[in-house]
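Colleague: Listed here are the chains, written in short residue letters.
There are 2 protein chains.
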Amino acid sequence: MARVVVDVMPKQEILDPQGQAVANALPRLGFDGITEVRQGKRFELEVADDVDDATLANIAETLLANPVIEDFEVRRVEA
Amino acid sequence: MARVVVDVMPKQEILDPQGQAVANALPRLGFDGITEVRQGKRFELEVADDVDDATLANIAETLLANPVIEDFEVRRVEA
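Top to bottom, those sequences are chains A and B. Reading the first sequence from the start, the letters are residues 1 to 79 in this note's numbering. Reading the second sequence from the start, the letters are residues 1 to 79 in this note's numbering.
These are computed hints drawn from the structure, not numbers from a lab. Treat each hint with caution, since some may be false.
Claimed, not checked - Derived EDC-like pairs (lysine to aspartate or glutamate); straight-line CA-CA distance at most 16 Å:
no., chain 1, residue 1, chain 2, residue 2
1, A, K41, B, E70
2, B, K41, A, D52
3, A, K41, B, E73
4, A, K41, B, E44
5, B, K41, A, D71
6, A, K41, B, D16
7, B, K11, A, D71
Keep in mind that this is a model prediction, so the values were computed, not measured.
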């Protein structure tokens with residue numbers, strides 16, 4: 001078994017209302033010095049050893065991310 | 001400026017219906033060998049250099065994660 005992490009973030013040119021809401025809330029709560037917040041998704045997958053990188057990229061592209069508005073990164077991590 | 005990543009994941013003992021939905025969809029779409037999927041959140045923050053780690057942990061704990069049901073990890077990354 002391998003552990004795989006897929007990070008999905010809104011593309012830089014796409015508005016990110018969730019991140020914007022967090023960024024706006026921070027000064028109200030007394031936290032200064034945070035100039036930008038982007039919010040995305042993180043998936044952790046437990047994957048059989050015979051699943052190759054092309055399959056993982058395919059899964060990320062079709063099911064985990066929307067490539068029109070989101071960038072994603074797939075990486076294997078230590079369990 | 002520094003870039004900070006905050007990963008927020010549901011605790012292991014907490015049900016994760018979003019991740020479960022993805023895990024159930026995978027075999028239907030022809031992807032086998034994925035035994036578990038957990039879905040969480042990833043935040044990317046642009047932070048002034050004078051913001052210390054304690055402040056970042058405080059922000060993660062109060063605004064980005066719900067520590068009752070979620071674990072979080074704060075780390076500084078290369079810009």
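Colleague: For every hint, state whether the structure bears it out.
Modeller: Hints and how they fare:
1. With a C-alpha separation of about 14 Å, the suggested pair A:K41 and B:E70 falls inside the 16 Å cut-off, and the hint holds.
2. Pair hint B:K41 plus A:D52 does not hold up; C-alpha atoms about 25 Å apart against a cutoff of 16 Å.
3. With a CA separation close to 14 Å, the supplied pair A:K41 and B:E73 stays within the 16 Å bound.
4. Between A:K41 and B:E44 the CA atoms are separated by roughly 11 Å; this keeps the pair inside 16 Å, and the hint holds.
5. The suggested pairing of B:K41 with A:D71 holds, with an alpha-carbon distance near 14 Å, which does not exceed 16 Å.
6. Of the supplied pair hints, the one linking A:K41 and B:D16 holds, its CA atoms being roughly 14 Å apart against a limit of 16 Å.
7. Distance restraint check for B:K11 and A:D71: the Cα-Cα separation of roughly 25 Å exceeds the 16 Å cut-off, and the hinted pair is therefore not satisfied.
Figure legend: structure checked against the earlier numbered hints; hints not met, in rising order: 2 and 7.
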